[in-house]
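Engineer: Residue-level listing of the chains:
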Amino acid sequence: MARKLPEVNAGSMADIAFLLLVFFLVTTTMDVDTGLIRKLPPPVDPNQKPPDIKERNIMKILVNNRDRLLVNNKEGSLYTLKDEVKDFMSIHLDNESYPGITVKNIKLLGNVPTSKGIVSLKNDRGTSYKMYIQVQNELARAFKELKDELSMDKFGRKYDKLIKEEQIKAIDEAVPMRISEAEPENIGGRN
Amino acid sequence: MSRFKKKKDGGLPAISTSSLPDIIFMLLFFFMVTTVMRENTTIVKTRLPQASEIQKLEKKSLVSYIYIGEPRNIKTYGNESRIQLNDQFAAVSDIPEFIFSERESRDENERKLLTTSLKVDYITKMGVVTDVKQELRKVGAFKINYSTRKKAYK
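In the order they appear, the protein sequences are chains A and B. According to the numbering used here, the stretch in the first sequence is residues 1 to 191, in order. According to the numbering used here, the stretch in the second sequence is residues 1 to 154, in order.
Treat the hints as calculated values from the structure; they're not laboratory data. Just so you know, even glycine gets a beta-carbon here, dropped at the ideal spot from N, CA and C. Check each hint, because a few of them may be wrong.
Said to hold, decoys possible - In silico SDA-like pairs for lysine to any residue, Cα to Cα no more than 20 Å straight-line: (1) B/K45 to B/E70; (2) B/K138 to A/K130; (3) A/K130 to B/Q55.
Unchecked claim - Quick partial rundown of chain B residues pointing at chain A, CB under 7 Å, derived from the structure: (4) I15; (5) L28; (6) T35; (7) K59; (8) S61; (9) G78; (10) Y122; (11) S147.
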């Protein structure tokens, strides 16, 4: 019978593994990219006339180069913006000072009144990006709360807890996130 | 008495370290799997703003990044906000080409899903960002993501 092979010393295995471990520890970047996902509108044809939208259906939000807000021609604040948007986009039947209502027939929901309101956001070239994100975030919060409310009402759970694809779709259709971003202007002089 | 004595003469048994490599290997594999090697080194500062209503970007391979911010090396490049594509400074007019090359490098059926993630420093003025957005609209890269960090609301 052949001689037994001498056993390989495995004691340094741990050290080698440690070395590799340290390397990967150092090079790891675990951050998942998160953010506000938006869809840009396709470029507009300059010859095309802008669609005719009633004054009452538009909520105008302006941000100037000093990061101050003007909401429907009145000075606004980030702290109240979410509630203002929410109030504007909620359903107010037969109220002339709020946007018009159309009744849509949506699968799973039946006939639902939906607001015709549009939030128009316009910023100056000198507006800071931080402010812009904060405004976008407040808008998103307002719409999310509206969706949550409808979803609670219809399906008994919050919007982001919905699992069925068609339920999510139905809510999305009933509460469309209509934010229109105007072409920016250079109101405040040079940026 | 004799009972206690018995125990003493054995001493503490040495803890077996033979499973240590296995534990370390397990850790190693975990980090190997989760590691994403940093693809771009940024030459502009990108301190991201915070937002609460954020979503995760699903597929990392289908995201192309545009960095905007003031250069790290202010002494050489000044402190005006600049755009960084790949590894170098770029002008707004370079964006279409960048998007086309990003599309080229993806599979045909995945091109529609391509997202452009804007990593923008929070003190940047919207002027530059708007120019970039307009450029993206022109080339049909409509899906964008304003990269932000998570903020908890009280």
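Engineer: Could you run down the list of hints and mark each one as holding or not?
Structural biologist: The hints, checked one at a time:
1. Under the criterion of a C-alpha separation no larger than 20 Å, the hint pairing B/K45 with B/E70 is consistent with the structure, at around 6 Å.
2. Distance restraint check for B/K138 and A/K130: the Cα-Cα separation of roughly 25 Å exceeds the 20 Å cut-off, and the hinted pair is therefore not satisfied.
3. Of the supplied pair hints, the one linking A/K130 and B/Q55 holds, its CA atoms being roughly 18 Å apart against a limit of 20 Å.
4. Interface restraint check: B/I15 against chain A, minimum CB-CB distance 14 Å, threshold 7 Å, status violated.
5. For B/L28, the interface hint holds, since its Cβ comes within 7 Å of a Cβ in chain A; the closest pair sits about 5 Å apart.
6. Look at B/T35: its Cβ gets to within about 5 Å of chain A, closer than 7 Å, so that hint holds up.
7. Annotation: B/K59 was flagged as interfacial toward chain A, and the flag is violated, the nearest CB pair being 10 Å apart, outside 7 Å.
8. Taking 7 Å as the C-beta cut-off, the interface hint given for B/S61 is violated, the closest approach to chain A being about 12 Å.
9. The closest approach between the C-beta of B/G78 and any C-beta of chain A is roughly 15 Å, which is over the 7 Å cut-off, so the hint fails.
10. A distance limit of 7 Å between C-beta atoms decides the matter here; for B/Y122 the minimum to chain A is near 4 Å, and the interface restraint holds.
11. With its C-beta approaching chain A no nearer than about 4 Å, B/S147 sits inside the 7 Å limit, and its interface hint holds.
In the structure shown, a violation is registered for the earlier hints numbered 2, 4, 7, 8, 9, in ascending order.
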